[in-house]
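S.K.: Given only the sequences and the hints, what does the whole structure look like? Please build it.
Residue numbers (my numbering), protein chains in the order written: chain A, 131 to 373; chain B, 65 to 391.
If you're looking for bench data, these hints aren't it; they were derived computationally from the structure.
Any given hint might turn out to be false.
Distance condition first, Cα-Cα at most 35 Å in a straight line; then the derived DSBU-like pairs of lysine-lysine [what the hints assert, rightly or not]:
1) B/Lys147 - A/Lys273
2) B/Lys220 - A/Lys312
3) A/Lys312 - B/Lys147
4) A/Lys219 - B/Lys220
5) A/Lys219 - B/Lys67
6) A/Lys287 - A/Lys273
7) B/Lys147 - B/Lys220
8) B/Lys252 - A/Lys287
9) B/Lys67 - A/Lys273
10) A/Lys219 - A/Lys344
11) A/Lys312 - A/Lys344
These numbers were taken from a predicted model, which means no experiment stands behind them.
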Amino acid sequence: MTALLETRGVWQRFGGLVANSDVSISVGRGEIVGLIGPNGAGKSTLFNLIAGVLPPTQGSIWFDGEDVTRLPAAERCQRGVGRTFQVVKSFETMTVIDNVIVGALVRNTVMREARRKAHEVLEFTGLAARADVLASDLVPAEKRRLEVARALATEPKLLLLDEVLTGLTPTEAQTGVALVRKVRDAGITVLMVEHVMEIVMPLVDRAIVLDLGKVLVEGKPADVVRDPKVIKAYLGDRHAVGA
Amino acid sequence: MDKRFAARRRRDLLIAAVLAGLAALAPLFVQDVYVQNILILTLMYAALSQSWNILSGYCGQISLGHALYFGIGAYATELLYTKFGVLPWFGMLAGGVIAAVIAMGLGYPFFRLRGHYFVIATIVIAEIGLLLFQNWEWAGAAMGITIPVRGDSWLKFQFLRSKLPYFYFALALCCVAWFVTWWLEDSKWGFWWRAVKDNPEAAESLGVVVFNSKMGAAAVSAFLVAIGGAFYAQFLAYIDPESVMGFQFSLLMALPAVLGGIGTLWGPVLGAAILIPMTELTRSYIGGSGRGVDLIVYGALIVAISLALPQGLVSLFSRSKAKGATR
Numbered sequence: 131m132t133a134l135l136e137t138r139g140v141w142q143r144f145g146g147l148v149a150n151s152d153v154s155i156s157v158g159r160g161e162i163v164g165l166i167g168p169n170g171a172g173k174s175t176l177f178n179l180i181a182g183v184l185p186p187t188q189g190s191i192w193f194d195g196e197d198v199t200r201l202p203a204a205e206r207c208q209r210g211v212g213r214t215f216q217v218v219k220s221f222e223t224m225t226v227i228d229n230v231i232v233g234a235l236v237r238n239t240v241m242r243e244a245r246r247k248a249h250e251v252l253e254f255t256g257l258a259a260r261a262d263v264l265a266s267d268l269v270p271a272e273k274r275r276l277e278v279a280r281a282l283a284t285e286p287k288l289l290l291l292d293e294v295l296t297g298l299t300p301t302e303a304q305t306g307v308a309l310v311r312k313v314r315d316a317g318i319t320v321l322m323v324e325h326v327m328e329i330v331m332p333l334v335d336r337a338i339v340l341d342l343g344k345v346l347v348e349g350k351p352a353d354v355v356r357d358p359k360v361i362k363a364y365l366g367d368r369h370a371v372g373a
Numbered sequence: 065m066d067k068r069f070a071a072r073r074r075r076d077l078l079i080a081a082v083l084a085g086l087a088a089l090a091p092l093f094v095q096d097v098y099v100q101n102i103l104i105l106t107l108m109y110a111a112l113s114q115s116w117n118i119l120s121g122y123c124g125q126i127s128l129g130h131a132l133y134f135g136i137g138a139y140a141t142e143l144l145y146t147k148f149g150v151l152p153w154f155g156m157l158a159g160g161v162i163a164a165v166i167a168m169g170l171g172y173p174f175f176r177l178r179g180h181y182f183v184i185a186t187i188v189i190a191e192i193g194l195l196l197f198q199n200w201e202w203a204g205a206a207m208g209i210t211i212p213v214r215g216d217s218w219l220k221f222q223f224l225r226s227k228l229p230y231f232y233f234a235l236a237l238c239c240v241a242w243f244v245t246w247w248l249e250d251s252k253w254g255f256w257w258r259a260v261k262d263n264p265e266a267a268e269s270l271g272v273v274v275f276n277s278k279m280g281a282a283a284v285s286a287f288l289v290a291i292g293g294a295f296y297a298q299f300l301a302y303i304d305p306e307s308v309m310g311f312q313f314s315l316l317m318a319l320p321a322v323l324g325g326i327g328t329l330w331g332p333v334l335g336a337a338i339l340i341p342m343t344e345l346t347r348s349y350i351g352g353s354g355r356g357v358d359l360i361v362y363g364a365l366i367v368a369i370s371l372a373l374p375q376g377l378v379s380l381f382s383r384s385k386a387k388g389a390t391r
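M.R.: The structure is reproduced here in structure tokens:
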């Protein structure tokens with residue numbers, strides 16, 4: 131079976147800066163894949179290329195067997211790519227339910243059905259009690275969850291999570307982890323960018339480590355954390371020697 | 065939750081029907097032509113502001129150039145009538161369509177601009193439109209067009225003896241603009257527009273084609289404003305560039321919505337109901353010889369309200385409602 135998502139030799143240059151160089155990764159159906167790496171590794175750039183915020187300088191991106199390299203973000207959403215934002219981008223003047231309805235409208239043209247779908251998603255993500263609250267009145271952890279809810283309402287095949295667990299309290303993070311598992315159990319493939327290794331590693335099936343814009347290591351989480359190259363990238367040479 | 069939402073929608077519709085009914089009875093009690101005139105203008109600006117609100121309030125693309133569409137509606141109607149004998153009713157629709165097409169043509173380059181740059185572009189374009197009409201000989205240039213009025217006729221939409229037909233047309237236009245807004249509010253477009261206003265990038269990620277959403281809002285908004293312009297031209301029976309395309313119209317479309325509550329269903333009507341009578345009254349009582357005192361009072365009120373109630377006057381109502389809901 132072909133992978134759900136594939137990047138083939140993707141390059142992204144911003145002026146003289148090379149953010150991604152020759153990145154080829156693939157994400158299989160039903161997987162939870164973690165995209166990790168130190169600051170400035172090019173995770174967010176790769177993430178935005180996959181979501182369609184901008185086209186890559188070079189290389190191609192394949193989703194569900196189709197070349198989507200030149201498709202804008204809205205069209206990728208219609209094909210089944212859902213995403214969240216690292217810096218939350220709620221529709222602040224709208225209520226929680228209205229935020230989610232915007233997402234639900236991608237696959238439901240009748241308002242009543244979009245509304246029903248949105249309620250369903252709020253139940254799923256545990257935000258049902260906050261449905262009529264303005265998005266601007268949510269606490270940060272709830273805003274993160276709203277990002278996920280909105281993306282889920284678009285009924286994606288692939289959900290891209292950009293640091294949804296970062297900056298949460300341990301309890302909130304555990305709730306988040308449970309939600310990601312639930313999403314996968316609902317048949318949605320997950321690609322998540324994360325910083326916090328100890329939360330991500332038990333969650334993901336496979337980890338891809340980026341460093342300096344390149345794929346450094348890829349494999350099972352347990353192997354990846356022990357890989358000297360990874361330790362070196364995160365902590366510097368001194369620590370790598372012992373490993 | 066949905067029940068409450070549906071109930072609110074029905075309540076809005078009911079209130080609108082009652083208000084429209086009451087307004088329709090107003091001429092029974094108001095025989096004074098001067099007051100009737102104020103009522104007509106109030107209804108017209110309520111309709112215009114409601115239409116402006118679709119693009120600028122809901123979709124968040126602040127336009128201070130809507131005088132252009134107003135003028136296009138007026139000119140299309142009168143040029144078609146005086147030059148080709150086309151009845152104003154058809155001219156009105158033609159004006160609406162032309163304005164919508166021009167709005168989309170202008171949107172094509174300008175919707176790439178954001179925030180202040182977009183606002184500036186709208187002002188500049190409207191000024192260019194004004195200059196073009198001032199120099200367009202065939203369209204009467206700065207002299208304008210006088211509409212030949214030969215007695216009362218619904219067919220030609222002109223009335224000498226009574227202002228009441230104009231009053232009812234303005235009321236109907238106001239109802240239409242309100243109803244269109246009401247209907248759009250709970251539609252795919254309405255949700256898309258609000259999403260685009262709040263965060264275009266997030267909207268795009270949720271499958272909203274931001275550019276098309278803006279184009280749609282611009283077309284609907286310009287169409288309705290042009291109908292208002294056509295009405296105004298018939299009402300005055302004389303048009304020149306300054307009196308149908310001047311910058312003040314752009315302001316008078318924006319201010320009621322801002323005052324009443326931008327991006328809200330009731331804001332424009334509420335704002336117009338307060339602002340337009342006040343404009344007319346201050347002009348006739350303290351304007352005139354003083355030249356400008358009326359504008360000072362007017363400006364002061366707007367500043368005061370924007371400071372005290374930045375969400376507009378409707379926030380007074382929603383605030384008490386929110387309190388009631390938590391209780």
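S.K.: A separate judgement is required for each hint: does it hold in the structure or not?
M.R.: Hints, one by one, checked against the model:
A distance of roughly 60 Å separates the Cα atoms of B/Lys147 and A/Lys273; the hinted pair therefore is violated under the 35 Å criterion. For the proposed pair B/Lys220 and A/Lys312, the alpha carbon gap of about 67 Å is over 35 Å, so the pair is violated. For the given pair, A/Lys312 sits about 69 Å from B/Lys147 by alpha-carbon distance, which is inconsistent with the 35 Å threshold. This hinted pair does not check out: A/Lys219 and B/Lys220 have alpha carbons roughly 53 Å apart, beyond 35 Å.
Proposed proximity of A/Lys219 and B/Lys67 is supported: the alpha carbons are some 28 Å apart, at most 35 Å. Distance restraint check for A/Lys287 and A/Lys273: the Cα-Cα separation of roughly 22 Å lies within the 35 Å cut-off, and the hinted pair is therefore satisfied. A distance of roughly 14 Å separates the Cα atoms of B/Lys147 and B/Lys220; the hinted pair therefore holds under the 35 Å criterion. For the proposed pair B/Lys252 and A/Lys287, the alpha carbon gap of about 23 Å is at most 35 Å, so the pair holds.
For the suggested pair B/Lys67 and A/Lys273, the alpha carbons sit about 25 Å apart, so the restraint of at most 35 Å is met. For the hint pairing A/Lys219 with A/Lys344, the CA-to-CA distance comes to about 28 Å; that is within 35 Å, so the pair holds. Annotation: proposed proximity of A/Lys312 to A/Lys344 holds, straight-line Cα distance about 31 Å (limit 35 Å).
The structure fails to meet hints 1, 2, 3, 4 from the earlier list, while all remaining hints are met.
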